[in-house]
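Peer 1: Protein chains in written order, with this note's numbering: chain W, 1 to 77; chain H, 78 to 154; chain U, 155 to 298; chain Z, 299 to 442.
The set of hints was computed from the structure by calculation and includes no laboratory data. Do not take every clue at face value.
Said to hold, decoys possible - Label-pair ranges, simulated between beta-carbon atoms: (1) U:Asn173 to Z:Val347: 24 to 30 Å; (2) U:Asn232 to Z:Lys346: 21 to 27 Å; (3) U:Glu222 to W:Val37: 32 to 38 Å; (4) Z:Glu373 to U:Glu229: 19 to 25 Å.
All values derive from a computational prediction rather than experimental measurement. No residue lacks a Cβ here, since even glycine has one placed at the ideal position from N, Cα and C.
Take a look at the letters that make up each chain.
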Amino acid sequence: MTIEINYFGMIAEVTGCNSERMSVSEGAISDLKGMLVGKYPALKNKDFRMAQNQELVSEDTLLTGQEIALLPPFAGG
Amino acid sequence: MTIEINYFGMIAEVTGCNSERMSVSEGAISDLKGMLVGKYPALKNKDFRMAQNQELVSEDTLLTGQEIALLPPFAGG
Amino acid sequence: MNYKNVFIKGAISSEFIGNSIAKHQSKTNIGAHNIFLGQVRADKIEGKVVAAIEYSAYEEMANKNFHEIREATFEKFNLTCMHIYHSLGLVKTGEICLFVFVSSPRRKEVFKALEYVVEAIKADVPVFGKELFEDESHQWKVNS
Amino acid sequence: MNYKNVFIKGAISSEFIGNSIAKHQSKTNIGAHNIFLGQVRADKIEGKVVAAIEYSAYEEMANKNFHEIREATFEKFNLTCMHIYHSLGLVKTGEICLFVFVSSPRRKEVFKALEYVVEAIKADVPVFGKELFEDESHQWKVNS
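Modelling step: build the complete structure from the supplied sequences, incorporating the hints.
Peer 2: Given below as structure tokens:
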């Protein structure tokens, strides 16, 4: 399946883009995370959480094909 | 001695004036209070505190000749 | 001794509050402001509706008490600045009668400080409020 | 689903805040307003001074989160109304980036509600802040 992945803040600095589409096989968030760290090794040292369909998810959540986001620490306010 | 006595809010409604000067002999706040209730019997049913020289005082505080105030419940804000 | 006068004649306008906020933009060590506004409610009491409150005060003592509250608050909390304004005279329902404004580098301080100041004003300052009803009768307000 | 947009382009002006206060004068069941303002600090970090913060957000998720915070707050506290505005883009030091406004018949409610809302925004909403220094270098802000 093809998933849209969005990057924000310092994570978008590492990836060099705000959004991309990626073909992934079925699996969990952890699998996608592994792929992304493979593509962007500097992610390994970054603090971020992942959201799927605009909800924070844990590593063992299954991929649904919905929008993914990599979210660095929040700084609102 | 002559003391200036100030009335506020619902207390001034009872006394019909905002301020008056009274001759009193030496004594405590309770003595003055007794005089005032004698002059204005409706004070007996009113809730008020007394200040001398702009400080709240208890009934057994001695009169100093400084300004007295009769303060009904506060309603600031 | 003369203390700073906290009282304003009549209602406190939203423009006054906006201007007060604007004046703090040059203080770039501030990270958090917290503002309390007291507004006159159209309370219904035994079928009659409050139309306005007429505020009076033992002004000299009240300004001394406001000063003491100010000193105690700066002592307890890490604030950059604090402003208090209270109405005297007529304030209609929907209008603002109390404006308390505290500022600090950090937000945790302003929350604690603002509540402390407002509760102290309610409890300790000789301000009196005559609630005027639409039929021109009145009753005296008491803080709860 | 589309949620209300909480974001404002650039700094939040003191006139905007003043107008927002004025709009509440027709709500005569309100007795207490509490306002939190976040202001950008000129923090000194390793000898360099912050000149501005550039805010970005995962906007759709953030607006959903703001909506959820709003619902939870109305559930927990007796509020008449609540407004939240957050800046996106460049906000210079001394300017306002967050405006939270809660109103209630009674003051006890607004103190608790405002702190709850501000803490929830800091913790739960995907907003990101790039602290720009005077020498044009930058670092990413992290809420404490």
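Peer 1: Which of the numbered hints are not met once you compare them with the structure shown?
Peer 2: 3 and 4
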